[in-house]
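Protein chains: 2
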Amino acid sequence: MQSPFDQISLVGFGNVGSHLYKLFQNHGIHVSHILTKTGRTEDINNKTLLIRNPEELPNHQLTIICVNDDAISSVVDKIDPSIPVAYTSGSVNISSIKSRDDLGVFYPLQTFSKGHELKTPEFPILIEANNPTFEKQLRGVALTISSQVQLADSAYRAKIHLVAVWVNNFTNHIIHLAKKRSNVEQVDFELLKPLLMETVAKLHDMNPYEAQTGPARRGDRNTIQGQANNLTGIEKEIYELINRSIIESYNTHEEL
Amino acid sequence: MQSPFDQISLVGFGNVGSHLYKLFQNHGIHVSHILTKTGRTEDINNKTLLIRNPEELPNHQLTIICVNDDAISSVVDKIDPSIPVAYTSGSVNISSIKSRDDLGVFYPLQTFSKGHELKTPEFPILIEANNPTFEKQLRGVALTISSQVQLADSAYRAKIHLVAVWVNNFTNHIIHLAKKRSNVEQVDFELLKPLLMETVAKLHDMNPYEAQTGPARRGDRNTIQGQANNLTGIEKEIYELINRSIIESYNTHEEL
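Chains as they are written, first to last, in the numbering used here: chain L, -14 to 241; chain Z, -14 to 241.
Please keep in mind that the hints were generated in silico from the structure rather than gathered at the bench.
Hints are not guaranteed to be accurate.
A pair counts as met if it fits within one copy or between any two copies, since identical chains are not told apart.
List time: in silico DSS-like cross-link candidates among lysine-lysine, alpha-carbon distance up to 27 Å [stated by the list, open to error]:
id: 1; residue 1: Lys221; residue 2: Lys165
id: 2; residue 1: Lys178; residue 2: Lys7
id: 3; residue 1: Lys83; residue 2: Lys22
id: 4; residue 1: Lys104; residue 2: Lys178
Predicted, not measured: the structure shown is a model, and the values here were computed from it.
Same shape as in the complex, but just chain L (with noise of 0.2 Å):
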């Protein structure tokens, strides 16, 4: 008999679905059924199974559900008590979800955009389960696609994610205004480049604290001021607090 961890279902294609479909696929882990409503579905290949309907999911077969944090808990409570189910979420508590013989989580500490290749395909995932051997086996699922496994329980977890927003989310918004102000303004992106590769390639040998640098940090006020009066709205509240926050920084000295 197969073992029920050679063969999972996913529930949900969206960013984390596609590319861990991908993942999975490409390290002989066999996707046997996707259940999805909306996704775009051309990277599927004719051996995975569309399906529609959580009834349709093979029982005592993982399923893994990535779908967005507040519809979790609906959807697990529609699939068939004998089905082990992992959720990808780095937030949700597992004491939220209505309990099960195997429920856990496999999180993913990446962000995936689905149709774009993954460029750092090497990352940790946390694994957390509400028994030891479903916790064993869904750390077996994931040492396949990644060499920096991790247990975590949900608290941890939650603390991580929330690390993750500022590392991923809001540097990325903060490059998304720049751009828009960029486009607004007719100034060419692309000499921005290096900076921006800079600014990262700085931090493999360079704490962010020390690595700061610009008016806020040297203190320049008149150009904080002239710079402050071009804008308006909420890219104005953004410039001024995270002004704010840096000229506070070193005021204190909140070296890390």
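Got chain L sorted already, so can you dock chain Z onto it with the hints?
Coordinates of chain Z only, in the frame set by chain L:
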């Protein structure tokens, strides 16, 4: 007679001055004099004269001023009018500096930290001058250390500097805050490095607008509320403001 630009003088030996010194010395332009009062100067070779008084700067030799924005004007005023002067600021308008025969701008669009080797040595230099001959001379000096030399007036330079503040200063500070949080919460920041790498790697072939992921992009309001509850002070203010900005961006579909 030696060309006035085969050797130059620097004023200031901080982040910018120390890096320009190394770049010029490595590319055949001898820095004969450095005027500095405070900087660590252990990296200066014995063919460069350290001076403390603007009157010691050699006449008719290009002097590049690498001091804080707010100090440029008063430093220039102390330099003999026969000396061609350029400063390295992104934001200071050339019309705000008292005019002289040769006045210009030599703005390296990069982040420099003293004592830390540049990982991205190819970066743009923006040039401006108050006369065509000096503009051409500054351009020649810039071309010795960069293949991306552009002419840019003060207005354009100010615009690109503001974008640079977002791209570098703000993203770096966000990462500082992330690291601070990971220290407070005893989360291993190393686990976040692949995420940071991927965040920037994605931008090689994706717009940051479409690259955005995370709770605010997905509209996971319970997650956002739960995370906000863990924060206080300016950290909470920034968390809420940037999330609000992300949500507004996707509500209004401000794709670029």
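Here is what the structure says about each hint:
For the identical chains of this complex, Lys221 and Lys165 are neighbours both inside a copy (13 Å) and across copies (25 Å), given an alpha-carbon limit of 27 Å. Proximity of Lys178 and Lys7 under a CA criterion of 27 Å is satisfied inter-copy only: 22 Å between copies versus 30 Å inside one chain copy. Taking identical chains as interchangeable, the C-alpha atoms of Lys83 and Lys22 lie at most 27 Å apart only when both belong to the same chain, with a minimum of 23 Å there against 67 Å between chains. Taking CA atoms no more than 27 Å apart as the test, Lys104 paired with Lys178 passes in both settings, with 17 Å inside one copy and 13 Å between copies.
Hint violations for this structure: none, all hints satisfied.
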